[in-house]
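Residue numbers (full-length UniProt numbering), protein chains in the order written: chain V, 1 to 222; chain P, 1 to 222; chain A, 1 to 211; chain Y, 1 to 211.
To be clear, the hints were calculated from the coordinates, so they are not data collected in a lab. For glycine and all other residues, C-beta sits at the position ideal for the given N, C-alpha and C. Be a bit skeptical, because a hint or two may be false.
[Unchecked claim] Going by beta-carbon spacing under 8 Å, a handful of chain V positions derived as facing chain Y:
1. G28
2. A64
3. R80
4. E88
5. L98
6. V100
7. G104
8. A107
9. E132
10. G133
11. T136
12. H151
13. A174
14. N176
15. V180
16. R221
[To be verified] Using 30 Å as the maximum straight-line C-alpha spacing, the simulated DSS-like pairs for lysine-lysine come out as follows:
17. K134(P) with K134(V)
18. K148(V) with K148(P)
19. K134(V) with K148(P)
20. K129(P) with K148(P)
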Amino acid sequence: MIDKRVASLTKAVASIRPGDVVMIGGFGSAGIPYGLIDALAQTGVGGLTVISNNAGAGEEGISALLRCGQVARVICSYPRTPGSIWFERRYEAGEVELEVVPQGTLAERIRAAGSGIGGFFTRTGYGTKLAEGKETRIIDGHGYVFEKPLHADIALIRAEAADRWGNLRYHATARNFNPVMATAARHTIVEARMVLDEPMEPEGVVTPGIFVDAVTQYEVRP
Amino acid sequence: MIDKRVASLTKAVASIRPGDVVMIGGFGSAGIPYGLIDALAQTGVGGLTVISNNAGAGEEGISALLRCGQVARVICSYPRTPGSIWFERRYEAGEVELEVVPQGTLAERIRAAGSGIGGFFTRTGYGTKLAEGKETRIIDGHGYVFEKPLHADIALIRAEAADRWGNLRYHATARNFNPVMATAARHTIVEARMVLDEPMEPEGVVTPGIFVDAVTQYEVRP
Amino acid sequence: MNRLSDDDVARRLAQDIPDRAYVNLGIGMPNKVARFVPEGREVMYQTENGLLGVGPAPAEGEADPELIDASKKLVTTIPGSSFFDHTTSFSMMRGGHLDIAVLGAYQVAENGDLANWATLDESHPPAVGGAMDLVVGVPRIYVIMRHVNRDGSPKVLRRCTYPLTGPGVVSRVYTDLAVLDVTDNGFRLVDLAPGNTLEDVQAVTEARILS
Amino acid sequence: MNRLSDDDVARRLAQDIPDRAYVNLGIGMPNKVARFVPEGREVMYQTENGLLGVGPAPAEGEADPELIDASKKLVTTIPGSSFFDHTTSFSMMRGGHLDIAVLGAYQVAENGDLANWATLDESHPPAVGGAMDLVVGVPRIYVIMRHVNRDGSPKVLRRCTYPLTGPGVVSRVYTDLAVLDVTDNGFRLVDLAPGNTLEDVQAVTEARILS
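So here's chain V without its partners, still in its complex pose (with noise of 0.2 Å):
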């Protein structure tokens, strides 16, 4: 039988490895997996990679890892923001390597991880900092870079609802990277607001189950 449903958060987050890449879905504080966070952060498993959007606010979080050590490197799109008080300790500190990605390439790289593609061209970054040492075409007059695809072993995923069979949908933008990041992990595990009795509904499914690994119940909205 398929049954993605486990107990416990801190069950949910127990095959998560020392240096592990791990995806964290979420953009401002929507669609944020607080509550496995959180437990990630009570294992004190450490040398993360943490790819996400941002890279913390406040003590929350991704903010919690990074305040506890945990974190060896962070690629995002906007690191810098007004409560990121414990990124820029440990960036200043040496403590935490950063790769910065424009937002769009983010999520295609990602994509590209999840969908088996191997590289892509984008026009995005072209003649920016950004693009330095990066492979550049010119395709139709316009210049394109080269990006790879982003590999992670671990899809830490927000969503509103879930099924047994890992069927998930989201709530208005607490979408944003969560369906992405759930196809490009080795093993994607998931907080749900709801996890249903009854199988969702086959056209409302956003995330078919095929790219979930493990499906917890977290009620609590930020």
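Given the coordinates of chain V, assemble chains P, A and Y onto it according to the supplied hints.
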């Protein structure tokens, strides 16, 4: 005011010009915009390049365009089916050119066009006849083929429902190529089984209206 | 020589579809496999035209003409099904998310090469569909086919002579005579159809079969 | 010299947002534009975190904490809105489907170069967000900014000195002193803030302004 509704199939296809590249949604008989294709057949506009998964069956749909001699070129993954009599007749008479593209590469090339991607590497087709003459590259020990975006002048799309903003949703496996083709043409024309008086629920939209130019009603299901 | 019926070959292959597998079944013989998977295993079948969780044919009068599989047959949904578009469908395939694809073949070679989309007869237009995407993206490619052609010529070969669908992609071959694994050293016998010997099978096989 | 208020610059730019336009508004001054678009024009605003059809701030007590724009402000939906994920959002941008993006800037150059994501101060970590995707994908890039820095140094330049967001991407610049088009020959004056002359504006502009 944004109002993409047009009064008839005939008006909807009036902008199609001789020599246009026309994407046509559908797989098997599901999701084919039969109404729009019939209207296009009646215009007699010729020299078309048709991009679709199949090359028509029986006397309807793409077969009608082939029968009427309007098609100069077909780009598809699976032209030969039990009913593809008109395609075979035109092909064997040398009246229509054919480019066969693996189905996933077809979808991905269309997506690249709609998403501003200049090209991508896929393992699909590597080491086969369909990769002959194409750029290849070894990435992490696997062979990849470089594939280019596939743009169109016109996309003919079948949807279950549409609103005046051009938002679309689909029914069952009639979704198939329709959402991605809607993104890749200069001008996207939709026949919807229902044209709604009210806006679609934002969470249930599959194709956001920004990708759509014209919407008309055609109630008949195959 | 004892030959299994197509149904019995499908039944044999079905034993190797584990519980919780995500599986794509090609058109023809591969499509028979679903019906023989042992009870108690929950298997999710994907059809590339946008459905994960393909159910059986609809009951009389309940058909939805827009709910079909890749062979254009009418199907149904099951609990856990989801609909999606073609890009998502091929992300599943190409991205390595399916576990098994079962495909028919014209020819299979001992180096794992598969030929199942075109012959050397160029009088017909070629058609490839999703086969090339499946073979590069799905980790286990199971071929199901008759062991020899109608004219007795071999289909299990040293090298394919027809245009390839993909090089080195086949994991295992199920025929009416035997089950063969593709290994680094070529074909290795897994199973014989009852009543046959390896020598019987080797006699109608161009490639060498290791025991 | 007469300087328009930020609101008045936004009001001026808003006149150039036509009915039925699809528009992305950057954080800060660009975000003010929506409120000044003349009545009777239906404009769809996109926010890159997954909403087309961004509505005004929610009424007291009706906020949804998971319904925010790219600046993390609480927003609402409007009739015709749709939600989608980040890949679809950037397909809209990168694929050329939006009509106009309104962005802030540190510097704009007469060749259309834009610098709005990093300065030469490397003590802070860099942050780029979606700016580089917008400038390559949206056909009309409108910059809205103050004409000079607080210390009086020019922002409308011959060449940018800060790291570029994109080369040759700006269509038009709206400042508290003037509206300038980027042409093949450099900046060309479109409008002056009331009470100023071209000479006044040229005096605080490094690049040459054609009349």
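Worksheet item: Any hints this thing doesn't respect? Which numbers, in order?
Response: 2, 9, 10, 11 and 12
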